[in-house]
Each structure stands twice: as C-alpha cells, then as structure tokens.
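Peer 1: Given next are the chains, with one letter for each unit.
Number of protein chains: 2
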Amino acid sequence: MMKDTTRIDHRKLHEVCLAILMKGGVDKTQAGEVANNLVWSELVGRENFGLLRLPVFLKRVKHGGIKCPCVPRFVECSPGSAILDADAGFGQYAANLAIERAISFAQSTGVGIVGVRNSNFFGTGAYFVHKAAEKGMIGLVMSNSFPKVTAHNGLAPILGTNPFAFGAPLRNGESLMFDMATSALAGSTVREHAARKKPLPEGMAVDANGKPITDPASIGKGALLPAAGAKGYGLSLMVEILAGVLTGAGVSKGVASMYKDVAQPGDNGHFMIVLDIFRFMELELFYDRLEYLTGLVKASSQDGKVLLPGEIRWQNYKNNLSAGIKLGKDTLGVVSKLCAQMGITQNLAPALQDA
Amino acid sequence: MMKDTTRIDHRKLHEVCLAILMKGGVDKTQAGEVANNLVWSELVGRENFGLLRLPVFLKRVKHGGIKCPCVPRFVECSPGSAILDADAGFGQYAANLAIERAISFAQSTGVGIVGVRNSNFFGTGAYFVHKAAEKGMIGLVMSNSFPKVTAHNGLAPILGTNPFAFGAPLRNGESLMFDMATSALAGSTVREHAARKKPLPEGMAVDANGKPITDPASIGKGALLPAAGAKGYGLSLMVEILAGVLTGAGVSKGVASMYKDVAQPGDNGHFMIVLDIFRFMELELFYDRLEYLTGLVKASSQDGKVLLPGEIRWQNYKNNLSAGIKLGKDTLGVVSKLCAQMGITQNLAPALQDA
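First to last, the sequence lines map onto chains A and B. Just so you know, the first sequence maps onto residues 59 to 413 in the numbering used here. Just so you know, the second sequence maps onto residues 59 to 413 in the numbering used here.
Among the hints, erroneous ones may be present.
Intra- or inter-copy, both count: the list cannot distinguish identical chains.
Claimed, not checked - The list that follows gives simulated cross-link-like pairs (lysine to any residue, SDA-like), each with its CA atoms no further than 25 angstroms apart: (1) K120 to L155; (2) K256 to R65; (3) K269 to P259; (4) K384 to L341; (5) K363 to Q399; (6) K256 to G287; (7) K318 to L354; (8) K311 to L341; (9) K311 to L354; (10) K256 to K384; (11) K206 to G287; (12) K206 to T352; (13) K255 to L112; (14) K269 to R347; (15) K206 to A314; (16) K356 to G261.
Honestly, the hints are just simulated from the structure, not real lab data.
Just need the whole structure built from these sequences, with the hints factored in.
Peer 2: Structure below.
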C-alpha cells in the first residue's frame, strides 16, 4: 500500500504540538498533557477540539488567561471526593488530573467524584470519560462555560453551552461515549459555520428581541437556544450547578470568554463522576449485558443507519492511528503558520504540500 | 374566605388513596409510601403521576405484575453504594427505599449511589430528587422503561422514554428540580393527547416506515423520537446503561409494558446519585451562589417569562397544600368509581358534585 504522504503520524503530530506549546511559553508538564488531549481529538476526528485551538491557547498563555506553570491543589472532601483548584492553568491539564483522581477514588471506594474550579476550557469531555472507560469504569463529565445560551423563554445569553459527556467501556477497548452541548448547537459548530459562511439551521439561535438568527456571524449580538427547550435548559442548569456552583468556580457571567477575555482566567468549573463497574457486577457480565443492548439498538433499523454514540469516533481513531492523521485544511494552515513563526523544523512538508 | 368545597385536603386524599390501595390488595407497607408519592404528585400538579394511575396499578397487583407484599433486599457494593432487588413490588416503594439509602450513604461518605433492579414504574423522579434536596443534598435519579422510543435514525421502538431527574435544594425548602423524558414527548403526554383526541406536535413520533405520526392513537403502531435527535438518544442510552445494564434490571425489550403485560413484573431499573453538599462547601454559601445563578437566569428576560425548573410545581404545591387539591376531571372520575366499587365511604361528595 502506498503511504499517503498527506497524513501525519500521530506521534509526529504530538512532537510538533508539544514544540509549539513549549515555544509558546507553556511549561513542559502542562504541554505534554495538552498535546495528548489535542492529538487524541484529531485521532477521533474532532478537529474543533484539536490543534485548531492552538492560537487562542497561546494568546491566553501570553496574556495571562492561562497560567504557565500552575500549581493545582486538591482539597479532599470525603474518602471518595475532592475539589481541585486548577490555579488558572489549562483546562485539559486540570481535567486530566481530576479524572485520574476520580478513577483512583473509584478504585478504592467504588465511586469517585471530583469537581474543579479556577480552570479554563477543557476541550472535549469525551477524552476524560474514555479515560475512565479504559479502566473498566463509567464516567460522567461536565463543564460550564461562558454565557452564550438563553434560558428557556429567555432572551439574553445567560448560560454556557455547558457540555455533558458520558462514557461506558465496550469489550473491545473502545467505549460508548457521547459529548453533547446542552444548547441546540455547540459553540464550535457556530464557529465552523461562520468560517464557512454557512447559515445556521433554523430554530437554534435568536437575537436580543427573540427573533430567529441563522447568520452565524450575528451570534455575538444574540444567543443560542437550549437544546429541546426546557430539557436542554434543565440540563444546562444542572451542569452550571454541579460544575460551577458546587465547585466554587465562576458561575454564568462569572466565567470569562476564552476568545474575548484573553488576559482573564476563565474560572471554568468541571465536574466528574466515576463508577467502578466491578463493584456492581462482574465486568464480563456488564459487557454481555451492554452488548445485548447495543445489538438490539443497532438492529432497530435495517439500513445500518443506527450508530452507537462514539462509533464514528472509533472508526476515525483506528484509521488515523494506522494511516496517520489527515489534518483539516484550517488546522494545517494554523499549524504550519505557527511552525514557520516559531522556527520549528519538524518536517510537516508532505502534509503541507497538500494544504 | 369561602372554602372551595370542590377541593380535597391532601390528608383526606391520602386516606382515600390508602383505602383504595389496601382494598385493592396492596400491603400496608407499600400502600403508605405509594399514597405519599401519588398525593405529592397531585400537590405539585402532576396529574399524570397521581391517582389517575390507580386502576392500572391495581390491575397489575391483581394479576401479579406488582407483587404485594414484597421483600426488597439490598446488596452493598461499597461503603457508599448498593443495589436493591425490589422483588417486583411497586416502583414508588422501591425507589423510596433506594433514595433513603442513598441519602444515608451520602450522610456517611459524602456520596451515595443506589441502583434498583426487578422494580416497576416509579412515577416521577422529581419526588425522589426532592427527598435528597430536603436533606441539603443534590440528587440525580433516572429509570428505564419499556421500549417506545427509536434510536436516533432508527425506526423500531427500542428504548424507553427513560426519564432523568435532577434536584438541588433552595434556601426556602423548595428545590430546583426537573424531571424530563429523554424522548421528544413523555408517554404520559401521549396518553393525555389521546384522551383529549388532540394531535401530537409534528416531529415527535414516526410510524414503522419512518413517516411522521401526529395521531396519538396510532403511536402503538409507531414510536416516539428521542429528544433533540442524537442528544436525547445518547441520554436515553446513558439511562439504560446505568439503570438497566449496571443494576441487573431488564434492558430494552427486557422491560415489560405497564399496560399490556399486567401479569408480568416490569423489571424496570432505577439509578440514583446523591451528593451531600456540605462536604463540598457550607450549605449557606451554596445557597448564596445558587441564588446568584437563579437571579441572573430569572432576570434574563424582562417579561417574567423565565421560570426555574420546578417553579410552577412549587406554586401548585403551596396552593394545593393550603386550599386543598382540586383533582383533575379524569382523576376524580377514576377515584369516585373506585370508591363506589370498593364501598369506600370517605366522603368525597363535595368534590364529586363538581365532577
């Protein structure tokens, strides 16, 4: 098989990502974990949570919105729960410490709960729930974010897109995982539409008078709507209460914008619940039972259209792991520009030629 | 003020409800808690989860779908978690035992997790999350149910309406609480539309070929759709995995229909997570911070249209507690018929005159 030279080996991409972060002022400790997170996002095909965000991260590092180095501190709340003060470092780094502590709590007590305050944007929650799944555990992970979503029947943006993620292990080492904005659209989807000058679907956003917006560029003057009205609104408040109110993090307007307030730590909050399956039943029995469920679900349409949450992510992962990652055009532009500016010599040339 | 004689004091309604349940073959232990649950549902104005369900409950009791008496048994999984085998009794009774145990776990370890298997329909999850909120705790409660919802992009009903409830205490003793079906519509809403011969909103249900259904009477030949597509589908699978797969309860088609399979225990599963707030922060500080959030949310529309989850429930509760409960016409019909059949002499006459 001919090697596709426009694809980049994930280890190579990790090297490049690490070099960019470190040249950009990120300490080695954080840079390593941030690179793990961003490259994983590329592997599963979530460009929006991958290296595309490097410029805003570095801007935040430069202006103080993300602290490097940082000294996160855990305060234990009970034998199976803790709050982590992230010291305004990277959300990806803090949330990784948090999920590892929650996993370790769950190993010793069956259940682990960790809340995080004084953090920043953490990327995709799927990364963290899969870390729990890899250990035979079920994970629930959520984060608040700066307000751009209305309350149900509200007009002004008052809640974040407040993502909620869930993951459960599958026998093959993958996981059933989802990571959803509790708003009708994710912020990253709006940015994607804006970049492509593509109108938003109807019924997803409103202006300050409650009139529908479909122009993604106008979203700054309006707000996204919660997913499914009262349901997404309720879920968003739950995320705000667990990740924000209960952890001591910023709440609603108390969370700074990743893009507009580059000098100000986000004060985002995260919240994680991890359950060690074998305390409840043998892991093999859990897999059998879960396969019974997923088998029925997959067979509920004859045309193969029913996918499990995460299914496409794992197809991407396997493909990108073996064939190399094909960076999106925008990401490739961003990465090559940063490499040029920073004098980073790792050779991305074959991939670049395709850009 | 003139007393509204068409309203029934909640204690009186409890007496009547208890008498009906016991005449219908329910043991005193379960009957007391089921009556608490049904009367609470009436107090907060959720007729669909109130005494309206008595006929189907009694039918299930008579034919063996709900076991009376039952001997539920806890198996402890870790110092803060357990599985309850409900022995095919009332879901309302089992879930109450479960939330009380989860609260007690949370009191001793900070976090309580209880899963329930071999149960039946448990009514509204809001009842249970509020029990946790009354103790200064946050509760998450979910239950699986028999399949009447498609997977995202699926055609056949394969998942339950799988409700998810959340509650957090407010300073005034009420709670911010929601209880949502993860499907586009709740089963009870479909029954309500069917009873009123009112068409369903578009985009909520499909027939076996995927064509939209709006006739609630045809839902038996089709299926409900998940709320917000992939989002509700993911949440529904989460509920099925936690409440069904992990507890050892029935999963998907393994859960029997409350209405069609009256001789067969539902084998529904429930799952509860309770967090004791004071382990994370002083309760007064939590209330302050939550009020900051709810204040901003309420103020996000000038017209007073933004309501907190549960707000209308608590208005109903206060009103019904002091003025008496005004039973819905259908419920009044059901209750008076049962009283007449069973020779129950508690005097509902003033309320009945209005029926």
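Peer 1: Against each hint, give a clear statement of whether it holds in the structure.
Peer 2: Hint check results:
no.	hint	in the structure
1	K120 to L155	within (23 angstroms within a copy, 54 angstroms between copies)
2	K256 to R65	neither (27 angstroms within a copy, 56 angstroms between copies)
3	K269 to P259	both (14 angstroms within a copy, 22 angstroms between copies)
4	K384 to L341	neither (35 angstroms within a copy, 50 angstroms between copies)
5	K363 to Q399	neither (45 angstroms within a copy, 51 angstroms between copies)
6	K256 to G287	both (24 angstroms within a copy, 21 angstroms between copies)
7	K318 to L354	between (46 angstroms within a copy, 21 angstroms between copies)
8	K311 to L341	between (43 angstroms within a copy, 22 angstroms between copies)
9	K311 to L354	between (44 angstroms within a copy, 9 angstroms between copies)
10	K256 to K384	within (23 angstroms within a copy, 52 angstroms between copies)
11	K206 to G287	both (15 angstroms within a copy, 22 angstroms between copies)
12	K206 to T352	between (35 angstroms within a copy, 16 angstroms between copies)
13	K255 to L112	within (22 angstroms within a copy, 56 angstroms between copies)
14	K269 to R347	neither (47 angstroms within a copy, 31 angstroms between copies)
15	K206 to A314	within (11 angstroms within a copy, 42 angstroms between copies)
16	K356 to G261	between (30 angstroms within a copy, 22 angstroms between copies)
Checked against the numbered hints above, the structure violates hints 2, 4, 5 and 14; every other hint is satisfied.
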